[in-house]
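J.: Each chain, written out:
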Amino acid sequence: MERTYFTGKIWVLSDLEGQLIENIDTDQIYHNAFLHITELAKMGEYALGNLEGWKDFPKKAQPGDMIITGRNFGAGSSRQQAVDCFLALQVSLIIAPSFGAIYFRNAVNSGFPVLKSHDVERLVLEGKLETGDQINVNVLSGECTNVTKDFSFGVLPMSEVQHAIFQVGGLFRYGNELR
Amino acid sequence: MGQTFSEKILSQKAGREVRAGDVVTISPDYVLTHDNSAAIIKEFQKLGIQKVRCPQKIVIVLDHVVPASTEKYAQNHKSIREFVSAQGISHFYDVHNGICHQVFSEEGFAMPGTLVLGADSHTTSYGAFGVFSAGIGRSEAASVWATEKIWLRVPETLKIVLDGQLPKDVYAKDIILKIIGDEGADRANYRAVEFSGDGAEGMSLASRLVLANMAAEMGAKNGYFPPDEKTFDFLKDRAKGIYQPVYSDPDADYEDILEYDLSTIEPQVACPHTVDNVKPVTAVAGTAFHQAVIGTCTNGRFEDLKVTADILRGKTVASSVRVLVIPASRTEYLKALHAGFLEDLVRSGCIILNPGCGPCLGAHQGVLAPGEVALSTANRNFRGRMGSRDSEIYLASPATVAASVIQGKITDPRGSQ
Chain R
8 MERTYFTGKI WVLSDLEGQL IENIDTDQIY HNAFLHITEL AKMGEYALGN LEGWKDFPKK
68 AQPGDMIITG RNFGAGSSRQ QAVDCFLALQ VSLIIAPSFG AIYFRNAVNS GFPVLKSHDV
128 ERLVLEGKLE TGDQINVNVL SGECTNVTKD FSFGVLPMSE VQHAIFQVGG LFRYGNELR
Chain U
247 MGQTFSEKIL SQKAGREVRA GDVVTISPDY VLTHDNSAAI IKEFQKLGIQ KVRCPQKIVI
307 VLDHVVPAST EKYAQNHKSI REFVSAQGIS HFYDVHNGIC HQVFSEEGFA MPGTLVLGAD
367 SHTTSYGAFG VFSAGIGRSE AASVWATEKI WLRVPETLKI VLDGQLPKDV YAKDIILKII
427 GDEGADRANY RAVEFSGDGA EGMSLASRLV LANMAAEMGA KNGYFPPDEK TFDFLKDRAK
487 GIYQPVYSDP DADYEDILEY DLSTIEPQVA CPHTVDNVKP VTAVAGTAFH QAVIGTCTNG
547 RFEDLKVTAD ILRGKTVASS VRVLVIPASR TEYLKALHAG FLEDLVRSGC IILNPGCGPC
607 LGAHQGVLAP GEVALSTANR NFRGRMGSRD SEIYLASPAT VAASVIQGKI TDPRGSQ
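Sequences listed follow chains R and U, in order.
Under my numbering, think of the first position of the first sequence as 8, with each following residue one higher.
Under my numbering, think of the first position of the second sequence as 247, with each following residue one higher.
Where hints are given, some of them may not hold.
Stated by the list, open to error - Computed list of chain U residues with no C-beta within reach of chain R, every gap over 12 Å:
(1) H337
(2) V341
(3) G448
Stated by the list, open to error - Straight line, CA to CA, 27 Å or less: simulated DSS-like cross-link-like pairs of lysine-lysine:
(4) U/K318 - R/K49
(5) R/K49 - U/K288
(6) U/K424 - U/K552
(7) R/K49 - U/K324
Derived from the structure by calculation, the hints contain no laboratory data.
The model shown is predicted, which means the values in this text are computed figures rather than measured ones.
Beta carbons: idealized from backbone N, C-alpha and C, even for Gly.
Generate the whole structure from the sequences, applying the supplied hints.
T.: Right, dumping it as structure tokens:
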């Protein structure tokens, strides 16, 4: 199960002015209208369906892709579909300056890497992280490389509990260890 | 160095002294779920366990889409009823009771010094009673049903001192909107927010619930008011058990302390599409809207319905707007009914809906069309939340909404009573 290195193409969730979009809430990630869906595989097609300029994301995203987004990603509702929809699309990880508290927990508990970085806002502003760039991420050390633009940057390494749940592959397996 | 409320209660639960930043594994006193129990049941069944570990700790309230608006929602409700019956879960509240946070409080589950988890982001509400209460996800709720355990990171605490008295026609909602507007929607991410000061002490429990509820909109893990005589009186005949209040030590370590003088606060409005896009009502007065909502877990209690009725009594709702009033629970509905408020509101032209979440989450009972604007007493104005993604939501106090529906435009409530 252990997986430390991720490599993939990034999607930078920015607006028309090229700024990282902040406060993307769970209603924009996964709209209320589809909350009755209980099957994970069917949630992917609604990912970011309510986010201005990104409705076609599920069609464009490829398995292994990564997302770079603005601060407070996943603010709002506790709906786990807002994490599940990315799992369904096989997005490999999300990097943001900060996350909504419950969103972060939901992702951690799903064994889905959500990583915080103080640098991404600046890097996006300077044009050093652009949609389509290939990056390598070590989720344990936090070391990252932009292969396309040939430079390194950092994200905060996973916390102890996040790492433990990630390594066993999600909360339920972690829960079994607790019992 | 002393401990904050959150450090202290999590130390008690963990059986060792912990500080902000530590991670604990604890057992909650109650775990609350609502219509999402249908999805949680599916997760639970995947675990291959036959019985929930502690049925008496599980509280389920159907409130999100009640009564069911589609066959799928009806099926979800049905599967929950069957599960509750098969598992011997006695704390089940079917579709006629009201919003989970109001019902949970009225039924006496929210007791000072207890720890509550809920699969709903506004579980922070019970901080109004001195409870450590936090929202969790679907998998976590299933896991707690199965194991009775959860991991939590002990939050740092942001203290907000409220001094003085609010001016006339300014309410608890205006305080929390002002704070969120000043501080931002992520100011309290992963943090506890502790409200104190004589302004907090002077507040009714219903008003404290408004602030604790919307602490979630600052990103808070939990909110907290020190419990006092008001809390104990409310719980006297309804507490589900014996409880021991927990208070922060005087020398506790806070991440930051903010101070607000309540006498300087004006009516506030959160503008589209984020809760922290807050302006004084005077800056948006005159904005036309199509639908008003008075209710939700934030502002659907007796004191909110009273303010609304006091403003609308003998007046008529503007013909350009439709006004949906949703008492937060059956109990609050009955109180407003006996007081004559509901008759006043119906005469004014309001529609009274059954207790529940109503149109707040855009699933039924007043969905917005493209281009429409809503003025609501709810806690969220995210783009598209109440229907079309091309609709807009403004948030305000019941007084501001009531004064506005007479004009059909956002209106300063000061002087309207």
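J.: Next step is simple, just say for each hint if it's right about the structure.
T.: Each hint, compared with the structure:
no., hint, verdict
1, H337, "holds, 20 Å"
2, V341, "holds, 16 Å"
3, G448, "holds, 29 Å"
4, U/K318 - R/K49, "holds, 15 Å"
5, R/K49 - U/K288, "holds, 15 Å"
6, U/K424 - U/K552, "holds, 23 Å"
7, R/K49 - U/K324, "holds, 22 Å"
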